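Student: Take these sequences, add in the hints, and give me the full structure.
Protein sequence lines correspond, in order, to chains A and B.
Here the first sequence is numbered in our numbering, starting from 238 and rising by one per residue.
Here the second sequence is numbered in our numbering, starting from 238 and rising by one per residue.
Do not take every clue at face value.
Remember, identical chains collapse to one label, so a pair may be satisfied in a single copy or spanning two.
[Stated by the list, open to error] No farther apart than 30 Å at their CA atoms in a straight line, the calculated lysine-lysine pairs in the DSS-like style are these:
# : residue 1 : residue 2
1 : K667      : K602
2 : K602      : K348
3 : K520      : K348
4 : K454      : K348
5 : K326      : K255
Simulated from the structure, these hints should not be mistaken for lab results.
Predicted model, so just to flag it, every value in this text is computed and none were measured.
2 protein chains.
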Amino acid sequence: HLFDLCLLTCFLLDGTFKQRYLVADKHWQQPGGPILLYVGNEGDITWFCNNTGFMWEIAEELGAMLVFAEHRYYGESLPFGQDSYSDSKHLNYLTSEQALADFAVLIQNLKNTQPGAQHSPVIAIGGSYGGMLSAWFRMKYPNVVVGALAASAPIWQFPGMVPCGDFYKIVTQDFARSGYNCDTNIRKSWKAINNVSSTASGLQWLSEQFSLCTPLKTKNGIISFKGWLQETWVNLAMVDYPYEANFLQPLPRWPVQVVCKYLGFNSTVSDYQLLHGVSQAAKVYYNYTGSSSCLNMSESATSSLGWLGWTYQACTEMVMPMCTNGVQDMFEPEEWNFQVFSDECSAMFGVRPRADWAGTVYGGKDISSHSNIIFSNGGLDPWLAGGVTYNITDSLISIMIPEGAHHLDLRYSNDHDPPSVRAARALEVKYFQQWIRQATKTPQTSKT
Amino acid sequence: HLFDLCLLTCFLLDGTFKQRYLVADKHWQQPGGPILLYVGNEGDITWFCNNTGFMWEIAEELGAMLVFAEHRYYGESLPFGQDSYSDSKHLNYLTSEQALADFAVLIQNLKNTQPGAQHSPVIAIGGSYGGMLSAWFRMKYPNVVVGALAASAPIWQFPGMVPCGDFYKIVTQDFARSGYNCDTNIRKSWKAINNVSSTASGLQWLSEQFSLCTPLKTKNGIISFKGWLQETWVNLAMVDYPYEANFLQPLPRWPVQVVCKYLGFNSTVSDYQLLHGVSQAAKVYYNYTGSSSCLNMSESATSSLGWLGWTYQACTEMVMPMCTNGVQDMFEPEEWNFQVFSDECSAMFGVRPRADWAGTVYGGKDISSHSNIIFSNGGLDPWLAGGVTYNITDSLISIMIPEGAHHLDLRYSNDHDPPSVRAARALEVKYFQQWIRQATKTPQTSKT
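Tutor: Next comes the structure, spelled out in structure tokens:
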């Protein structure tokens, strides 16, 4: 028999490391008041703390302590300090299972050391990868958390669970509904880039139009340029919020509509006209504040996100197939090729991804035996493609926010919030209160 | 037995190791017939295979495939071959979580590669530590196994969960009920040993009485001698089966009764008479077959058990507090001292135990949110002390076998079986059939 891979989970040998977490107990009603735990994802925890206003707004009503826990290998929680990313041996302890174990130990430690916290019911909250972790945390540690809110958590964006093309389909739909011909012209732009960039003068023109800090010179440069633009459209769809906000970048309200204002050409437009519009559109994302003297293709989102760490996780456990066909989406056709991906991972980190492991360890679509998890999804969010969009049981429930982008429900409330997100937050709080009541009726046994 | 010997290649860091497992599909009704998985514990899987007749006897009735999976670091499943135990760096991948991950990957791969197995419901079965693993396997991988039988599984024998003295209390009760003054005379024997061993001639007499391969010479020798005897009484209680059997050692039926025949003295007995009786009793355990020319204090049980590996696991995750007081038990008083234990572990392996981790990762007494686990316990089994002895929910149920020793229910049926174990096995099969029906009604989603 030749078989697939086994996961290796290790503790940090004999070493220890400092994990950062933030606590706010202003409204905590001790003893026994609930603890809302933000399950940190791939970035600096202070950034998530500042972008999860929902928790701050419900703390008083629930009499809850807020805890924001940083994920190992991100922010300041670096197990080996500056060496943490030096090679695959040091990176070997960066796994989602290890992160969950850290969170579990943190909570047990809080309960054993914080006066009045011993019987506090804990609710896990997270968005995106943090939402996946919060759902998995409830699945794997139901003794530690009484329930979980998994906001925009694509727990099914793994091999064999959802079609690899859905993600970019949703991006495309956002642009299609945000302005006349908007998706059509982006679909055209790739060929226009190929045409214009075929000459040296064209390359120079492109570089100037997009005010690139580093002018385009090579064919590979054009490939990364197109990849950078594709990532730009994806990010815009993710943060298509109904009000001015600064999540990945400072942006106006409904940024995709603003972008599409520059992309409303009819079919007679020339390549140069079209790409001029595209450059204007891109600058909405990269220079809304007008403070950028040039656009840096290596910066597509906030530096608070740990790009390298997430790339390593994608190269080990978090294998998320994506593909485009240029028909149902507005991008150049590209199939999902696991072997190519695996070879890139091997070249970058000396590791190869475990395509099936996430499904094995976290259950894939076979999660009906678990309980007390809310999966909230935004209709504008590309990550909806891998999300749980229907009720699995009466305690594994799905909440849809049609006008919502990436975990809009976790953000501070805003006058421009659509009714759907207000209703979602209200329902989420109702479930929190129900879980807290259940837990208080049957207090957990102390393990001290 | 008719089984295929198979090897699973697992990745370990950048290397691989072969995990051994045994398959018997003679009675398997494919497609979709159930798989009974024996979750291997700390020893050679063929030994557990031969001592789990229950599975062989129910295979035909259930149309089940039998799989016996070996636990990493035991038997022939040595990740680093002969170096696997060389130091803590090599031992670092010996954890129960890793073992569960191996089993999960094994099952997923069987389902993906064995024609007709893709939708086969899998039931985990195990005894002792293997029973703990089977319960934990259902808790952590409900997507992989539809239910679990945890036979004589002390999942609560961890710090803060049960009194540390209960284990030896049960050992003592077994001897108390198996013969006149039996526990009383064993309780007396420790002082008698101290008295007799205080002289050189007494030491020599002791060594001769017990036919020790290596004569006693030092004070430390006496301490290990008493420890060896204590372990002997514990093992006898564990294997106090109602028929002649060979589990830890070849023994007559109801061995504790046979042993107690030599320990029925009244209060007037002399130290030498008493210890002569003790030596006769010990020889029931060590020389029932009469084949041993001398007793080797370093051999107290079958070599099929991985003593060193289990000691390492006890020194890391599997911290099981034990204590005696000489009043409710028949042993010399000894408190549970974590620090002393931790120092011994540090000296032996260079590691220190994590006292609270098992409770955090496996839930301790807070397991009510899980389902489909049978905890069976024997009334004569010392490990009953750490077992689940009451129904937690209507699908986390406890089965008591008053006349049973250590996982008697997993053994081949025997004419001398008490009605309680026959009833237990019948009830276990009824639950298996119920879990299989449930699973067949709602087939698991294929993840291939």
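Student: At most 30 Å between C-alpha atoms: does K602 with K348 qualify within a copy, between copies, both, or neither?
Tutor: Cα proximity of K602 and K348: across copies only (16 Å, versus 33 Å in one copy).
Student: At most 30 Å between C-alpha atoms: does K520 with K348 qualify within a copy, between copies, both, or neither?
Tutor: neither (49 Å within a copy, 51 Å between copies)
Student: Given identical chains, is K454 near K348, meaning Cα to Cα at most 30 Å, within a copy, between copies, both, or neither?
Tutor: neither (58 Å within a copy, 51 Å between copies)
Student: If the cut is 30 Å between Cα atoms, do K667 and K602 qualify within a copy, between copies, both or neither?
Tutor: Both. Shortest intra-copy (26 Å) and inter-copy (28 Å) distances satisfy the 30 Å Cα cut-off.
Student: Under a CA distance limit of 30 Å, which applies to K326 and K255: within one copy, between copies, both, or neither?
Tutor: both (19 Å within a copy, 22 Å between copies)
The structure does not agree with the numbered hints 3, 4 stated previously, though it agrees with the rest.
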